[in-house]
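Protein chains in written order, with our numbering: chain L, 1 to 655; chain V, 1 to 176; chain E, 1 to 147.
Since the hints were derived computationally from the structure, they do not count as laboratory data. Be aware that a few hints might be false.
What the hints assert, rightly or not - In the EDC-like style, the derived pairs of lysine to aspartate or glutamate whose C-alpha atoms are separated by at most 16 Å in a straight line are:
id, chain 1, residue 1, chain 2, residue 2
1, E, K41, L, D391
2, V, K25, L, D307
3, L, K540, E, E22
4, V, K101, E, D63
5, L, K540, L, D558
6, V, K29, L, D242
7, V, K101, V, D126
8, V, K101, V, D132
9, L, K382, V, D126
10, L, K520, E, D133
11, E, K130, E, D79
What the hints assert, rightly or not - For each label pair, taking beta carbons as the anchor points, the in silico distance ranges come out as:
id, chain 1, residue 1, chain 2, residue 2, range
12, E, S101, L, E4, 55 to 65 Å
13, V, A76, E, S101, 16 to 26 Å
14, L, D604, V, K146, 44 to 54 Å
15, E, L105, L, G316, 21 to 31 Å
16, E, N29, L, V320, 32 to 42 Å
Stated by the list, open to error - Simulated coverage check for chain V against chain L, where a stretch passes if three residues somewhere in it have a Cβ under 8 Å from a Cβ of chain L:
id, stretch
17, 4-12
18, 29-37
For glycine and all other residues, C-beta sits at the position ideal for the given N, C-alpha and C.
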Amino acid sequence: MIPEIGHFLLWIALGVSLLLATVPLIGAGRQRTEWMAYARPSVFALFGLVSVAFLCLVASFVRHDFSVLYVASNSNSALPVEYRIAGVWGGHEGSLLLWVEMLCLWMVAVAMFSKHLPQQVLARILAVMGMISVGFLLFMLITSNPFDRLFPVPVDGRDLNPLLQDPGMVTHPPMLYMGYVGFSVAFAFAIAALIGGNLDATWARWTRPWTTVAWLFLTIGIALGSSWAYYELGWGGWWFWDPVENASLMPWLLGTALIHSLAVTEKRNSFKSWTVLLAILAFSFSLLGTFLVRSGVLSSVHAFATDPRRGLFILGFLTVVIGSSFALYAWRAPTVGLGARFALISKETALLANNVLFLVAAAAVLLGTLYPLFLDALGMGKISVGPPYFDAIFLPLMVPVVFLMGVGPVAKWKQAALPDITVRLRWAALAAVLAAMLAGIAAGELHLGATCGLVMAFWIVASIAEDLWTRVGSKSSSVNDVVSRARQLPRAWVGMMVAHAGVAAFCFGVAMVRNYEVEKDVQMAVGDSTSLKGYTFIFKGTRELQGPNYSALQGVVDVSDGSTTQVMHPEKRIYRVQQNPMTEAAIDAGVTRDLYVSLGEQLDSGAWIIRIYVKPFINWIWFGCMLMAAGGLIAATDRRYRRAGKNERSGMEAT
Amino acid sequence: MSKIRFLLPLVLLACLVWFLGAGLKLDPKEVPSPLIGRPAPDFQLTQLDNAQTVVSRADMVGQVWILNVWASWCAACREEHPVLLRFAARTPVVIMGLDYKDERAAGQRWLRNFGNPYRASLFDEDGRVGIDWGVYGVPETFVIDKEGIVRFKHIGPLTDEVIQTRLEPLIRSLNG
Amino acid sequence: MAKWILMLCLAWWGSSGTWAKEAIPAAENPALEAQMMQIAKELRCLVCQNQTIAESHAALAIDLRQQVREQLLAGKTSDQIYTYMTARYGDFVLYRPPLKSSTYLLWLGPIVLMVLGLMALLLVLHRRSKLPDNAFDADDADISSST
Chain L
1 MIPEIGHFLL
11 WIALGVSLLL
21 ATVPLIGAGR
31 QRTEWMAYAR
41 PSVFALFGLV
51 SVAFLCLVAS
61 FVRHDFSVLY
71 VASNSNSALP
81 VEYRIAGVWG
91 GHEGSLLLWV
101 EMLCLWMVAV
111 AMFSKHLPQQ
121 VLARILAVMG
131 MISVGFLLFM
141 LITSNPFDRL
151 FPVPVDGRDL
161 NPLLQDPGMV
171 THPPMLYMGY
181 VGFSVAFAFA
191 IAALIGGNLD
201 ATWARWTRPW
211 TTVAWLFLTI
221 GIALGSSWAY
231 YELGWGGWWF
241 WDPVENASLM
251 PWLLGTALIH
261 SLAVTEKRNS
271 FKSWTVLLAI
281 LAFSFSLLGT
291 FLVRSGVLSS
301 VHAFATDPRR
311 GLFILGFLTV
321 VIGSSFALYA
331 WRAPTVGLGA
341 RFALISKETA
351 LLANNVLFLV
361 AAAAVLLGTL
371 YPLFLDALGM
381 GKISVGPPYF
391 DAIFLPLMVP
401 VVFLMGVGPV
411 AKWKQAALPD
421 ITVRLRWAAL
431 AAVLAAMLAG
441 IAAGELHLGA
451 TCGLVMAFWI
461 VASIAEDLWT
471 RVGSKSSSVN
481 DVVSRARQLP
491 RAWVGMMVAH
501 AGVAAFCFGV
511 AMVRNYEVEK
521 DVQMAVGDST
531 SLKGYTFIFK
541 GTRELQGPNY
551 SALQGVVDVS
561 DGSTTQVMHP
571 EKRIYRVQQN
581 PMTEAAIDAG
591 VTRDLYVSLG
601 EQLDSGAWII
611 RIYVKPFINW
621 IWFGCMLMAA
631 GGLIAATDRR
641 YRRAGKNERS
651 GMEAT
Chain V
1 MSKIRFLLPL
11 VLLACLVWFL
21 GAGLKLDPKE
31 VPSPLIGRPA
41 PDFQLTQLDN
51 AQTVVSRADM
61 VGQVWILNVW
71 ASWCAACREE
81 HPVLLRFAAR
91 TPVVIMGLDY
101 KDERAAGQRW
111 LRNFGNPYRA
121 SLFDEDGRVG
131 IDWGVYGVPE
141 TFVIDKEGIV
151 RFKHIGPLTD
161 EVIQTRLEPL
171 IRSLNG
Chain E
1 MAKWILMLCL
11 AWWGSSGTWA
21 KEAIPAAENP
31 ALEAQMMQIA
41 KELRCLVCQN
51 QTIAESHAAL
61 AIDLRQQVRE
71 QLLAGKTSDQ
81 IYTYMTARYG
91 DFVLYRPPLK
101 SSTYLLWLGP
111 IVLMVLGLMA
121 LLLVLHRRSK
131 LPDNAFDADD
141 ADISSST
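Input sequences plus hints: build the corresponding full structure.
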């Protein structure tokens with residue numbers, strides 16, 4: 001009964017979303033207040049319907065209802081309850097329902113936190129989001145119904161893929177989807193502005209916090225995915241340039257460009273049509289990602305089970321959404337004004353150069369990801385484009401970005417003087433190079449690649465320090481003065497600095513791990529020891545243990561750095577249902593390094609092949625991402641978004 | 001004039017959608033063979049049923065022949081086998097098997113149990129010859145012409161449809 | 001008494017771990033192994049197609065790693081080994097796409113795009129600087145605050 005209720009509710013939700021997509025939109029065009037007023041209640045109704053349907057699917061999983069095909073394919077009677085819940089989004093159909101649920105969450109948030117928006121604008125925004133939900137609900141109901149039944153009912157389910165039976169599965173997809181779907185808000189704001197013709201700084205100020213929050217969720221989602229791959233996959237990598245990973249990176253790059261572009265539009269009312277295009281592009285790449293992951297056109301370890309019919313539907317949906325957005329853009333954008341004037345050397349130019357570079361980076365990733373498809377479709381053979389290509393292309397593109405990250409915050413709006421900037425930053429540049437070389441020497445040896453990465457990291461930090469000094473330190477005469485000035489720093493600025501510091505931490509972590517990581521593959525019999533970088537590893541043997549739905553052989557390895565000893569437990573598991581062997585590495589995480597031990601094969605002699613890594617500063621990679629997200633959160637809660645709302649309700653009249 | 005640049009996104013989108021649509025009909029996992037149009041790799045292998053007899057590439061020159069890669073541990077080969085038996089019964093073309101990374105006894109037993117469509121099977125115990133032929137999944141089937149040039153490769157189990165629409169017309173044209 | 005002393009000695013030896021030894025490298029020839037892995041990291045496993053031959057546990061990957069070891073021992077260079085692989089499996093097996101006429105766009109595209117993009121930006125900004133003031137909005141009074 002429960003699956004049928006869920007299915008039925010989704011059909012009703014489709015009806016509500018169709019109303020939402022049309023009535024308020026027409027009402028906005030004809031200035032019919034009653035019709036526009038349908039938007040908010042429709043959103044709340046839609047949220048209620050989809051949420052209950054979602055809960056029906058969760059209930060089917062928790063109750064082991066194997067008569068539901070999707071549950072039988074992704075669950076098992078021995079599966080622990082947290083993975084039964086996470087299993088709801090473990091496959092294609094359920095993850096679509098998660099997508100729609102996230103969309104509803106964002107719609108409710110927009111409906112609730114939009115008292116400052118004119119009714120006409122809000123009506124259009126919610127209608128556009130309604131159109132997107134129509135597409136996804138239709139897709140689900142026609143090709144990917146999670147509530148399909150299975151007869152005869154199997155005795156037990158096929159189990160969730162063991163690789164997904166991990167806390168990462170509980171957090172990574174929801175965060176990622178919050179990000180992907182969140183860009184639909186910026187998209188809807190952009191479309192509403194193009195339709196209504198009121199594209200200005202106020203529009204940018206409304207859009208900015210929504211975009212920043214979506215961006216920070218996407219940042220967290222990608223970071224969680226990367227760290228999960230690191231500790232789960234047994235060979236210590238954290239980014240593989242896999243097509244599905246790229247599908248999440250491209251919207252992130254465009255989202256970053258969008259945040260910076262919105263700053264220009266908000267502050268200077270400039271480059272509005274460009275910002276609108278970026279807003280459309282960011283969400284378009286989210287949709288493109290959905291297509292790439294679910295259509296089977298690219299081979300990926302993350303790809304869902306594929307079906308050309310589904311691929312065709314998404315492609316059609318994508319074409320309609322993006323095509324009509326671009327058409328609307330082509331029609332309306334030429335009439336948008338130029339905004340305020342600014343000079344060639346200015347903060348605006350730096351931000352726009354940032355935009356160009358991020359757009360090129362996203363285009364480069366797209367080119368590499370789709371190139372095999374291009375050649376194959378043209379009958380020109382089959383190639384592979386993998387990490388060697390992407391590493392060679394992407395890192396050089398990021399160098400000018402990082403350079404600008406130091407220059408941009410220090411440049412003035414409207415007109416900046418190059419000599420001023422140079423004077424302010426020359427010590428920063430020198431400090432960066434020196435610090436990078438010192439860090440390299442401390443790590444063991446100087447490497448060109450490492451030094452470049454480290455210079456990038458320290459350059460950002462030095463520039464932040466310089467800016468902070470100028471704003472707070474140099475003007476102050478006492479410690480109290482410093483504190484009070486620091487307190488008055490606008491949150492938007494603080495957020496920017498924290499986020500940029502996150503980028504610096506990220507660059508630092510990457511530079512150190514890629515260049516100074518060490519590895520040792522050894523054969524160890526019980527009692528054997530080996531040492532690496534000052535750590536001594538002693539293999540104490542293995543023991544068997546039984547997990548809830550797996551059997552494992554657990555190795556016991558003592559690690560000592562001379563003073564303290566830890567025990568590490570690498571495992572080899574066999575999940576009973578799907579019978580696949582899995583290697584679980586043992587990781588001793590630390591601020592300055594990770595120790596990574598994994599079990600290889602057992603030799604005839606009884607000894608084990610054991611792989612040991614010492615990875616310096618690897619956690620700074622994800623710490624950096626979290627800092628970026630924290631910076632975004634700080635910036636999004638800037639006073640002026642909250643304060644301005646109150647002013648606007650009285651003053652604003654939309655066209 | 002400058003309005004045209006606003007149409008650029010639409011143009012790029014159209015190209016992208018065309019490619020993605022074309023991609024829906026392709027299989028990204030299938031690896032085409034670089035051997036097509038080139039001489040078949042040389043080999044010297046014993047026959048599965050007779051470890052004394054050695055067959056090499058030179059022995060096969062002068063006739064059109066088919067090489068079918070199989071193994072006793074391969075589930076998909078079971079699927080393909082009845083199709084192959086039917087084909088072998090009606091065609092005069094020589095079908096040679098390549099028993100890939102198998103045990104001699106297991107391979108012989110498999111043929112006894114499920115039938116033997118092959119003129120003879122070559123025994124590639126360590127898979128080296130398989131690597132030379134670019135074998136990456138079992139079963140795979142090659143068509144080689146009279147001069148010893150590889151003309152066709154099919155990856156995966158043969159079906160009646162593939163045999164009738166691709167294999168047999170090709171063999172007819174190669175035989176002249 | 002003697003038995004007692006013997007047991008004490010054995011216990012002392014056992015606890016100091018003198019029977020345990022320094023672990024030997026997993027590979028017979030660690031330097032060769034490291035070289036082989038460098039090459040294997042650039043090759044795509046055709047069975048588990050989203051792993052390199054270095055990481056994959058598939059039988060074919062194990063065989064191909066062994067092939068690479070033997071070829072390195074025979075003195076072949078990495079280029080010769082890549083040619084060996086592509087002769088059998090095609091360009092698909094290389095994770096670093098070869099530079100040929102069909103991949104010029106791939107390899108040169110990003111840098112060309114970056115140059116074109118920055119040039120376009122400069123061009124647009126230059127054209128704007130030539131426009132009269134009335135083409136633009138009036139300035140906000142306060143532009144000195146940062147973001």
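(request) Starting from the hint list further up, note which numbers the structure goes against and sort them upward. (result) Violated hints: 9, 10, 11, 13, 16; rest satisfied.
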